[in-house]
Amino acid sequence: MIHQRRTFRMLIALACMLAPVTARPVSIDDFVNRPVLRTVKISPDGKHLAMLRREAKDTLFIIKRTDMSVVTGVNSSANQRFIDFTWVNANRILIEPALEVSGFSEPAATGEILGFSLDGRNNGFIKRSVESDGVRMYTLVGVLPKDADHVLVEAHVFAAAGRGPYVQEFDDLALADRVLPVTRTDAGLSAAAERCTDALCRRTDAPTLLKLNVYTGVTELVAKSPVPQGRFVADDTAETVLAFGEPRQGTVASYAKRGNEWSQINEFARGMGIVPIAVRSAQRAWALDNRVDTTGLSELDLRTGAVESHFRDRVSDLEHLVRDYSGANVLAARYTPGYPSWHYVDERSAFAQTHKALRVAFPQSDVDVTSFTADNTEFIVRVYSDRNAGDYYLVNTNTRDSQFLVTSRTSLEPTQLAESKPVQVETRDGFRIHGLFTAPSLPGSAQPPLVVMVHDQPFATRFYWTYDEDVQLLASHGFAVLQINPRGSAGFGRSYRGGSDEALSERMRRDVVDATRAMITQERADQNRVCLYGRGFGGYAAIMALIEGGSVFGCVISYGGLYDLDGQFDTRDLSSHVQDAYLRDRTMADSPWRRSPISEVDQIDVPVMLAHGGLDRVVPIAQARTMQAALTANGTATTAVFEADEPHRFEGPVPRRNLYQETIAFLNAHIEKAPTRSRIESSRPTGGLDAMLSDVQRSALQKVLDDIHAHVVRVTRTRDERNLPSGLTRRPMDYPRVIRQAVDAHDRDARKVLTDEQWPGYEALKQTYSQRLEEAVSKGRSPDRYKLEG
Amino acid sequence: MADVFVSYATEDRERVAPLVRVLEAEGWSVWWDRNIRPGAHFQRAISDAIDDAHCVVVCWTTTSVNSDWVLNEADDGKERGILVPVLLDDVRPPMGFRMTQLADLRHWDAKSSTPEVDAFVAAVGTCLGRSRARAPTRPRPIPRRGTSWLRNAMLAVGLIVTIAIAFTLRGRLPGFESESNGQNCVAVLPFEVISATPGQDWIGESLATEFHTKLRELYPDLCVSGRATSFNYRGKALDNLEVGRQLGVDFLIQGAVQLSGVTIRVTSELITVASGYQKGDSLVERNLEKGFAAQIDIAAVAVPVLAAALDQSQGPTLRLSGIPSANATAPDSAMQRLIEQPQAHAFDSFGTEADE
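Chains A and B supply the protein sequences, listed in that same order.
For reference, each letter of the first sequence is one residue, going 1 to 790 in the numbering used here.
For reference, each letter of the second sequence is one residue, going 1001 to 1356 in the numbering used here.
Please keep in mind that the hints were generated in silico from the structure rather than gathered at the bench.
Glycine included, each C-beta is placed from N, C-alpha and C at the ideal position.
Don't take each hint at face value.
Just some of the chain A residues that point at chain B, by a computed CB distance under 10 angstroms [claimed, not checked]:
{"#": "1", "residue": "ARG34"}
{"#": "2", "residue": "PRO35"}
{"#": "3", "residue": "VAL36"}
{"#": "4", "residue": "GLU55"}
{"#": "5", "residue": "PHE61"}
{"#": "6", "residue": "ASP67"}
{"#": "7", "residue": "VAL70"}
{"#": "8", "residue": "GLN80"}
{"#": "9", "residue": "LEU114"}
{"#": "10", "residue": "LEU118"}
{"#": "11", "residue": "GLY124"}
{"#": "12", "residue": "THR304"}
{"#": "13", "residue": "PRO363"}
{"#": "14", "residue": "THR399"}
{"#": "15", "residue": "ARG400"}
{"#": "16", "residue": "PHE404"}
If you only want the chain A side, here are some residues facing chain B, beta carbon under 10 angstroms, derived [to be verified]:
{"#": "17", "residue": "ILE63"}
{"#": "18", "residue": "GLN264"}
{"#": "19", "residue": "PHE268"}
{"#": "20", "residue": "TYR392"}
{"#": "21", "residue": "ASP401"}
Pairs of lysine to aspartate or glutamate residues, derived as EDC-like cross-links and limited to a Cα-Cα distance of at most 20 angstroms, are as follows [claimed, not checked]:
{"#": "22", "chain 1": "A", "residue 1": "LYS64", "chain 2": "B", "residue 2": "ASP1348"}
{"#": "23", "chain 1": "A", "residue 1": "LYS57", "chain 2": "B", "residue 2": "GLU1217"}
{"#": "24", "chain 1": "B", "residue 1": "LYS1279", "chain 2": "A", "residue 2": "GLU261"}
{"#": "25", "chain 1": "A", "residue 1": "LYS64", "chain 2": "B", "residue 2": "GLU1340"}
{"#": "26", "chain 1": "B", "residue 1": "LYS1078", "chain 2": "A", "residue 2": "ASP67"}
{"#": "27", "chain 1": "A", "residue 1": "LYS47", "chain 2": "A", "residue 2": "ASP67"}
{"#": "28", "chain 1": "A", "residue 1": "LYS211", "chain 2": "A", "residue 2": "GLU261"}
{"#": "29", "chain 1": "A", "residue 1": "LYS257", "chain 2": "B", "residue 2": "GLU1217"}
{"#": "30", "chain 1": "A", "residue 1": "LYS421", "chain 2": "B", "residue 2": "GLU1217"}
Please construct the entire structure, taking both the sequences and the accompanying hints into account.
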């Protein structure tokens, strides 16, 4: 009987194997709920794990390794968040707290330090930022493995007037910020400014390096920075201390402390500096090397200042370092030319071998390290990808055992999500720009509708290959997504992010257009269904790109966007500090950045969606309301999603769900270009270009136009004159696409002939000529040559 | 530092010498002369030599099986996964070394090149990561007069294509960047189905197909033998060495499927063809009610584990436990339960201090 039942069950099981199982369809709600797991870190003795969870409150769980039981834990207070934490000894954790600030999406780091002990000893603040003699912000510099009761911190005195220490250009020093273990946010800047009254913030002392008792908060001065707003690096005994900063405008210098004196190691022009990041020995330090285009890793001789290059990728900057428990030894560096890639300082080390094996074991994923035990034999990794928010594993380098701990995944299964692939595009002026392309996760047409994303902030950021809920939301609704890093973006070296204001302003817009055209030419997307999407500064950039290449885009979505730069800078409220940082503290007079969407509304004739939070303090909602009024007056179809109680980035589940629903509905309604819609370019007089051409240019451009004509004739005729075997029918040719490709294929030739000023005229000419060609070919006529006047 | 460390009993020195000459003829450096220079610490010198070697050859004879020295050295090679055993006498290797695959040179005349010697050389070559370049059993192209320019041109084109492919894949496929020239070829054999019910072999083939597909998908620059070719060996009573040699691969993936109620249990292992040793293994259980998704998931979990073992030329294999399914959103673990149900623990906050 038992045997019969087993056979029956087996047959059922086998039948099940034959039946394909379909996964639950992805819904908008899947993207509304954000992962609550923040990070997991191991204690220096390896006996405990600390896990940070964020929901209404932040909760730090302390878990005993042997039986995975919860030993103790702590919650954040009202309005308080835990940004990050560090095990400073087997019993004590230091927490970096932050405050929820109305109007900002990210909590604001207060620069204070909280202490939490497993045995309950001295729990609470050990350093406050507002003290009797001023406002200081404390940052952990490093642990002292041989002194369990102390750590090294640096203290910055906040300056009330002018820029504080927390606004820096994306350059040598800001790059060091990325790889040094500090957290700084724009909101933190403003929160500190809010608390910094005139009485408290008169002092502008140089930053200090302090030895901090992790239980009592008592500090002992180790060193005072030789430069204003300097930063510190020290070894794990605090015997070798280095500082770096800007001794004068436009230069970056490093210093080593000898006794009570500082001696300068080097000085470079800003943006070309050697910035120490870890002390290897009394004589040598690891340094970020900005001398060549991309940021690399070098060794710096502390006595002679000699630099020995260690590693540099020719495409991308180093963007993350893995250090051992002491922080003094750099083990590996990550750089991201497309997919995340790793360089190991010692390929044969146990860490390198194990990390490499993990990367093989988790293909199509990246493996980041959160923390080490004091003997560096065990560490915790976060395995993440474009489709996985992160799985945590505990790894042992001796036994090579890797034990799964916990995952950040929400309700979404990685197999249901879409793959993001790095792409490179050559721009009209022959520059190679980088981005990510995500094809829709739903099967559909070979050339899907495309959403082109422009990132927030013009300079200090880029798109990385990682899980992005906005991208996945769009991909799950049938849209391909292009995340483009136009010139000015960070992470690809100096020549990529550099250039004059004027050049960058123009390149940023053109690069977005060129990358979009490339996706169409490569038949990755439908040329008639393309929409722009940008958040924050990305909203500004998206609308400016729309104006630049209007014929390409069918609609635009701007979320928390900036529409009137003059207005923004005239408003000298707290957020102007943030805007200074965003826009490099430029003097706005006569800057190309003065060109604002609000003043070019008459050139916007595609549907626009504006989303904005009423509490937004990065970009006040007045900007969006003014823009909405101007668009409406211009007769442009406008959809507004304004949420009165939301900050720069919507946080509440209901507003987020509503925004997602509105976004998808807007795209479905407007992404397809209206065929009868009058295009701006078609109304532009092409005669303007003719008048701007010299005789030589005219002759050369005429040749380009003739080539285009021959090209179009060839591709359309070849196709139509080819004989088909009997029984087969010919698919109708997509004339607009074929002609557009043929016309665009000659951009490089035209670029050699024309100046930047003449290029918009050529774009308009192309539009007109393409329409003529299309009309002739579709009616079976031989197209006419385009004859330049004059 | 020598490529190969040869472990043997001193009494067998004369018999081992021809074997060493065979290895040296391949261009590999061999540490086998135990004449330690005066003043050097004997034990430390041997220890350093074996630590530095990429491959340990142990010669089993009636004398060596009783030698503690040889046992220790063989143990070291085994632990690091770089041991190639050779049988010179009609003896049983010591406990722990009775693997099915040994280079059997009991009948070698110490002069001529036999298939057994070729297999031994190939095994050492694999161990050193150079087997494809040097293994004499593989056919080599015969150079022809007058075509060198053509050959050079083709080599140049091939090199450019290889570099282009390597560059395209750079950063995508960690661990295999330096192996895109086709080293480490693998074949997947049909899995054995352990079941009282006949006619279920298709499950084994289906799973092997899934493993094959997943290998190609995840590691496109890895040399994987064709599925149809590999499946020709279904049901043939050949040992691993023979199957591997005939397929021209260095590693085999084979496995067994057990069905119990609605549970499918799949054991898969990566076998080194030359030595017959298991280099890595994986055990995955899934619920059959998920249908084909269960098979896909089993392959998705097991293949990277086997591939990680493939990538390890030294040291113990990476072992992964509790990997969540690619289809699972909330795997079961103690910490996961904390994430899902934090209310089970009520903690204090830092209190009013935060608002001071």
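Do the hints match the structure? See the list:
{"no.": "1", "hint": "ARG34", "result": "violated (13 angstroms)"}
{"no.": "2", "hint": "PRO35", "result": "holds (9 angstroms)"}
{"no.": "3", "hint": "VAL36", "result": "holds (6 angstroms)"}
{"no.": "4", "hint": "GLU55", "result": "holds (8 angstroms)"}
{"no.": "5", "hint": "PHE61", "result": "holds (6 angstroms)"}
{"no.": "6", "hint": "ASP67", "result": "holds (8 angstroms)"}
{"no.": "7", "hint": "VAL70", "result": "holds (5 angstroms)"}
{"no.": "8", "hint": "GLN80", "result": "holds (5 angstroms)"}
{"no.": "9", "hint": "LEU114", "result": "holds (6 angstroms)"}
{"no.": "10", "hint": "LEU118", "result": "violated (13 angstroms)"}
{"no.": "11", "hint": "GLY124", "result": "holds (5 angstroms)"}
{"no.": "12", "hint": "THR304", "result": "violated (33 angstroms)"}
{"no.": "13", "hint": "PRO363", "result": "holds (4 angstroms)"}
{"no.": "14", "hint": "THR399", "result": "holds (7 angstroms)"}
{"no.": "15", "hint": "ARG400", "result": "holds (5 angstroms)"}
{"no.": "16", "hint": "PHE404", "result": "holds (4 angstroms)"}
{"no.": "17", "hint": "ILE63", "result": "holds (7 angstroms)"}
{"no.": "18", "hint": "GLN264", "result": "violated (38 angstroms)"}
{"no.": "19", "hint": "PHE268", "result": "violated (29 angstroms)"}
{"no.": "20", "hint": "TYR392", "result": "holds (8 angstroms)"}
{"no.": "21", "hint": "ASP401", "result": "holds (5 angstroms)"}
{"no.": "22", "hint": "LYS64/A to ASP1348/B", "result": "holds (19 angstroms)"}
{"no.": "23", "hint": "LYS57/A to GLU1217/B", "result": "violated (42 angstroms)"}
{"no.": "24", "hint": "LYS1279/B to GLU261/A", "result": "violated (58 angstroms)"}
{"no.": "25", "hint": "LYS64/A to GLU1340/B", "result": "holds (18 angstroms)"}
{"no.": "26", "hint": "LYS1078/B to ASP67/A", "result": "violated (33 angstroms)"}
{"no.": "27", "hint": "LYS47/A to ASP67/A", "result": "holds (10 angstroms)"}
{"no.": "28", "hint": "LYS211/A to GLU261/A", "result": "holds (18 angstroms)"}
{"no.": "29", "hint": "LYS257/A to GLU1217/B", "result": "violated (54 angstroms)"}
{"no.": "30", "hint": "LYS421/A to GLU1217/B", "result": "holds (15 angstroms)"}
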